[in-house]
Amino acid sequence: KNQVEQSPQSLIILEGKNCTLQCNYTVSPFSNLRWYKQDTGRGPVSLTIMTFSENTKSNGRYTATLDADTKQSSLHITASQLSDSASYICVVRGGGGSQGNLIFGKGTKLSVKP
Amino acid sequence: DAGITQSPRHKVTETGTPVTLRCHQTENHRYMYWYRQDPGHGLRLIHYSYGVKDTDKGEVSDGYSVSRSKTEDFLLTLESATSSQTSVYFCAISLSLGQGDTEAFFGQGTRLTVV
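For the protein sequence lines, the chains are A and B, in the order given.
For the first sequence, the residue numbers in my numbering are 22 to 135.
For the second sequence, the residue numbers in my numbering are 948 to 1062.
No wet-lab data here; the hints were simulated from the structure.
Do not take every clue at face value.
To be verified - With a straight-line cut-off of 27 Å between C-alpha atoms, the simulated BS3-like cross-links for lysine-lysine are: (1) A:22 x B:1004; (2) A:92 x A:130; (3) B:958 x A:130; (4) A:92 x A:127; (5) B:958 x B:1004; (6) B:958 x A:127; (7) A:92 x A:78; (8) B:1004 x A:127; (9) A:130 x A:38; (10) A:78 x A:127; (11) A:78 x A:38; (12) B:1000 x B:1017.
Stated by the list, open to error - Chain B is faced by these chain A residues, among others (derived, beta-carbon under 8 Å): (13) 65; (14) 67; (15) 123; (16) 125; (17) 126; (18) 130.
All C-beta atoms in this analysis are idealised placements derived from N, C-alpha and C, irrespective of residue type, glycine included.
Please work from the sequences and hints to get the whole structure.
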């Protein structure tokens, strides 16, 4: 069964600290993986995309990694800010053409405290 | 927000009443989706549309119907609302980025409470 598992479910860190969120998937065939940020009361917004051939990609203070062999991805946030408080959702797109299925993780809720 | 507007943003309705949620897009995207988001679950696909009058079921379609009579509007109807349909509903469009890749853009969500 195609699944996306995220850990931890929730995380509290102090402003300025770093953190790493994990995503394990069993989606096959694999097309790509995206990390989305969802602020409270809003829809998810894409942060970064990882394709099969990419190991790491950065978007400002966000760095995503992908190990296609172990089917694991991580999202590292550097020097966290209060505005980073949100849910982070890992989404894997399965194969089947450009409209292949999107499999959503349940998200990690990050709280950044001053 | 890729020109996506959901209405209403909030609604409280009674069990057994019909409810229609509207998703409106301004950029002529072909693919539109309805998801629901509940605590302890990832976003789950209810129905999607791949063109005017072309729709298909998603993972959790029971109790829901959809219609797309024009490109810009995708309607989600709960024929007889139940408490289990209390949720946050998101509309999304799929934007082609080339090379077979697409990205989903989401609306702001509709919080529906069935009492």
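Results of checking the hints against the structure:
1. For a cut-off of 27 Å, the pair hint linking residue 22 of chain A to residue 1004 of chain B stands: about 19 Å separates their Cα positions.
2. Distance check on the hinted pair: residue 92 of chain A and residue 130 of chain A sit about 22 Å apart at the alpha-carbon level, within 27 Å; holds.
3. At roughly 25 Å between alpha-carbon atoms, residue 958 of chain B and residue 130 of chain A fall within 27 Å of each other, so this suggested pair holds.
4. Of the supplied pair hints, the one linking residue 92 of chain A and residue 127 of chain A holds, its CA atoms being roughly 17 Å apart against a limit of 27 Å.
5. Between residue 958 of chain B and residue 1004 of chain B, the direct Cα distance comes to roughly 24 Å. Compliance with the 27 Å bound is thereby established for this hinted pair.
6. Of the supplied pair hints, the one linking residue 958 of chain B and residue 127 of chain A holds, its CA atoms being roughly 24 Å apart against a limit of 27 Å.
7. Straight-line distance between C-alpha atoms of residue 92 of chain A and residue 78 of chain A comes to about 16 Å, which keeps the hinted pair within the 27 Å bound.
8. With a C-alpha separation of about 21 Å, the suggested pairing of residue 1004 of chain B with residue 127 of chain A holds against the 27 Å cut-off.
9. A C-alpha spacing of about 16 Å is found between residue 130 of chain A and residue 38 of chain A, which places the hinted pair at or below 27 Å, so the restraint holds.
10. A threshold of 27 Å between alpha carbons decides the hint, and for residue 78 of chain A with residue 127 of chain A the separation of about 22 Å falls inside it, so the pair holds.
11. With a C-alpha separation of about 20 Å, the suggested pair residue 78 of chain A and residue 38 of chain A falls inside the 27 Å cut-off, and the hint holds.
12. With a C-alpha separation of about 8 Å, the suggested pairing of residue 1000 of chain B with residue 1017 of chain B holds against the 27 Å cut-off.
13. Of the supplied interface hints, the one on residue 65 of chain A holds, with its beta-carbon coming within about 5 Å of a beta-carbon of chain B, less than 8 Å.
14. Evaluation of the residue 67 of chain A hint against chain B yields a held restraint, the C-beta minimum of about 6 Å falling below 8 Å.
15. With its C-beta approaching chain B no nearer than about 6 Å, residue 123 of chain A sits inside the 8 Å limit, and its interface hint holds.
16. Of the supplied interface hints, the one on residue 125 of chain A holds, with its beta-carbon coming within about 3 Å of a beta-carbon of chain B, less than 8 Å.
17. Given hint, residue 126 of chain A at the interface with chain B, holds; its Cβ is 5 Å from that chain's nearest Cβ, closer than 8 Å.
18. The interface hint given for residue 130 of chain A is violated, since its Cβ lies 10 Å from the closest Cβ of chain B, which is over the 8 Å cut-off.
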